[in-house]
Amino acid sequence: MRSQNAAKRLDVAAPTPSPPSQAQPAKLSVAGLTVTFPVDGTHRTVLEAIDFECHEGELVCLLGPSGCGKSTLLNVIGGFLKPTQGQVLIDGAPVTGPDPRRIFVFQERGVFPWLTVEGNIGFGIQHLPAEERRQRVAHYVEMVGLRGFERAYPAELSGGMKQRLEVARALAVGPDMLYLDESFGALDYITRHNLRRELLHLWATERKTILFVTHDIDESVQLANRVVVMAARPGRIQRVVDIDLPYPRDISSARYLRYRDELLEELGLAHQR
Amino acid sequence: MTLAPARQPAVRLALAARSMAGLGVMVLAWDLALYMSGAPLLPRPWHVVLGMAELLTRGVLLKHVAASLFRVTWGFLLAVAVAVPLGFLLGRNQRVGKALAPLIHLLRPISPLAWIPIAILWLGVGDPPAIFIIFLASTPPLALAAMNAARNVPQVYVHAGRNFGLGPRELFLRVLLPASVPELLVGLRLTLGIAWLVVVAAEMIAVNSGLGFLIVDSRNAGNRYDLVVAGMVLIGVTGLLLDRAVVRLARGYLRGRDMVGDAS
Ligand SMILES: Nc1ncnc2c1ncn2[C@@H]1O[C@H](COP(=O)(O)OP(=O)(O)OP(=O)(O)O)[C@@H](O)[C@H]1O
Ligand SMILES: [Mg+2]
Chain A
0 MRSQNAAKRL DVAAPTPSPP SQAQPAKLSV AGLTVTFPVD GTHRTVLEAI
50 DFECHEGELV CLLGPSGCGK STLLNVIGGF LKPTQGQVLI DGAPVTGPDP
100 RRIFVFQERG VFPWLTVEGN IGFGIQHLPA EERRQRVAHY VEMVGLRGFE
150 RAYPAELSGG MKQRLEVARA LAVGPDMLYL DESFGALDYI TRHNLRRELL
200 HLWATERKTI LFVTHDIDES VQLANRVVVM AARPGRIQRV VDIDLPYPRD
250 ISSARYLRYR DELLEELGLA HQR
Chain B
0 MTLAPARQPA VRLALAARSM AGLGVMVLAW DLALYMSGAP LLPRPWHVVL
50 GMAELLTRGV LLKHVAASLF RVTWGFLLAV AVAVPLGFLL GRNQRVGKAL
100 APLIHLLRPI SPLAWIPIAI LWLGVGDPPA IFIIFLASTP PLALAAMNAA
150 RNVPQVYVHA GRNFGLGPRE LFLRVLLPAS VPELLVGLRL TLGIAWLVVV
200 AAEMIAVNSG LGFLIVDSRN AGNRYDLVVA GMVLIGVTGL LLDRAVVRLA
250 RGYLRGRDMV GDAS
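Protein sequences appear in the order of chains A and B.
Counting from 1, position 228 in the first sequence corresponds to residue 227 in numbering that gives the first Met the number 0; the numbering is continuous, with no gaps.
Counting from 1, position 132 in the second sequence corresponds to residue 131 in numbering that gives the first Met the number 0; the numbering is continuous, with no gaps.
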């Protein structure tokens, strides 16, 4: 399993910010996924018959209204929650639990307050020799712009810095997938904007497969090469929209706005004419 | 009652002066009450100070304090060693929690003094039964505090830890334990208070040293109520110092980490 991954990683050419062809086998495939929770003696169906695939190197956004089950879906994919029915395959193997090759980035709340910036970034690589660990930590401190804060505790960082710290902690273990659950949702407009740009840069340079949950239409059109639009009660996939725009995206271009309108319409938020 | 940042020296001085003034008024009232009522046997503050000096010159004051501290330390450490892991098991493993929590709730209201006959039966006389009683009194509240602390560890930390591939042991050492330190410190502080409360009672039986022994012995050997009260004052002061020491440790740990703590 690991060697297969390594081989895959080797034959990836120079970073390009464009999504790969859909011809190769799916990195992630979700099949017939249903999740029900027991509520007041009955069963509430939170996700019903979810099917979708995601290819290596894609950046897929899960977009939908609050409560439609986006977090639940991501938790199942992350291995934190067992589905009631159906299964999740990654590289052809069923997901049985969380795995360091696929790191979940929570909102900034996920960083450990009892560890410094260095301690957090080095958390997942304790098994490496000290020198190598030090170098990796230094590398990711630099990458997410936290130089000078190595010894600081998260309490001394701003919300955006904490979020970058969490991303750095995830990247330090060298995962091939990242799951982000409204990770930028709690931040101000400017920070959010910068972090999106950094995420795209990172996606282009590190070739990760990224699943990004959001309820922000603009965020999904700016980031994703595909948007999976979900509907609520029960949570299901309503439509999948390919966003065929070059990066970096011009957020005032006519094509960008057309995609935006299309998604607004999907979510039932378009102006009635 | 959250952890306050260390205060400015001037403010601290003012606060210290205020609590000294409070103490002074108390002592004055005590003296005045005895002076006016003329109650026999009860010692006035001055007698207590003399009694304390007498204990010091006889060289037994430190001996009694040390003996009590020795028993409290062992009883408390044994309780920590048992109750903290047990509490985490109860808090994180639903099945164990459901099976054992009622037992702990059942044991808690039994006064440690009720265990004295059994302690003597099992362990004879001397330090072991006293330590055993302190251990018994400290374990249930500490286990319950650890259980709650473990339950209150935010799920995101546990998920993150598991995501980075930690097994149960590592998860305990690297996530659950550090994440619950602030709450655990509160439990440790309260439990140390209980341990100290109990040592005195435990020493009233079957030992010949310690502050509890000092009190009983002073009464039995010639109604020396000045020494009885001196013993009480020593208990209060030592307990206060123990508590301050824990708070100081807690502050040192929590500083900078901005973790919700309760140690004032
Ligand atoms: N453990 C649970 N027990 C019962 N119901 C649950 C549970 N977890 C989630 N739900 C329900 O499932 C639905 C979907 O929740 P989920 O958190 O996945 O939504 P979401 O799309 O992430 O919403 P948001 O955008 O607000 O984060 C909600 O209606 C929620 O009440
Ligand atoms: Mg959510």
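No lab work stands behind these hints, which were simulated from the structure alone.
Built from N, CA and C at the ideal position, the CB exists for glycine as well.
Among the hints, a few may not be true.
[Claimed, not checked] Listed next, the in silico SDA-like pairs over lysine to any residue satisfying Cα-Cα at most 20 Å (straight line):
#1 A:K81 to B:A113
#2 A:K81 to A:E47
#3 A:K81 to B:A9
[To be verified] FRET-style restraints, in silico, Cβ to Cβ:
#4 B:R168 to A:G158: 51 to 61 Å
#5 B:P44 to A:G147: 52 to 62 Å
#6 B:Q93 to A:A137: 54 to 64 Å
#7 A:G40 to B:R17: 33 to 43 Å
#8 A:E131 to B:L12: 48 to 58 Å
#9 A:G158 to B:L31: 20 to 30 Å
#10 B:Q93 to A:R232: 46 to 56 Å
#11 A:P93 to B:L112: 55 to 65 Å
#12 A:A137 to B:L55: 36 to 46 Å
#13 A:E131 to B:N151: 47 to 57 Å
#14 A:A185 to B:P44: 38 to 48 Å
Hint-by-hint comparison with the structure:
| no. | hint | in the structure |
| --- | --- | --- |
| 1 | A:K81 to B:A113 | 49 Å, violated |
| 2 | A:K81 to A:E47 | 14 Å, holds |
| 3 | A:K81 to B:A9 | 58 Å, violated |
| 4 | B:R168 to A:G158: 51 to 61 Å | 33 Å, violated |
| 5 | B:P44 to A:G147: 52 to 62 Å | 58 Å, holds |
| 6 | B:Q93 to A:A137: 54 to 64 Å | 42 Å, violated |
| 7 | A:G40 to B:R17: 33 to 43 Å | 59 Å, violated |
| 8 | A:E131 to B:L12: 48 to 58 Å | 52 Å, holds |
| 9 | A:G158 to B:L31: 20 to 30 Å | 59 Å, violated |
| 10 | B:Q93 to A:R232: 46 to 56 Å | 30 Å, violated |
| 11 | A:P93 to B:L112: 55 to 65 Å | 58 Å, holds |
| 12 | A:A137 to B:L55: 36 to 46 Å | 58 Å, violated |
| 13 | A:E131 to B:N151: 47 to 57 Å | 36 Å, violated |
| 14 | A:A185 to B:P44: 38 to 48 Å | 59 Å, violated |
In the structure shown, a violation is registered for the earlier hints numbered 1, 3, 4, 6, 7, 9, 10, 12, 13 and 14, in ascending order.
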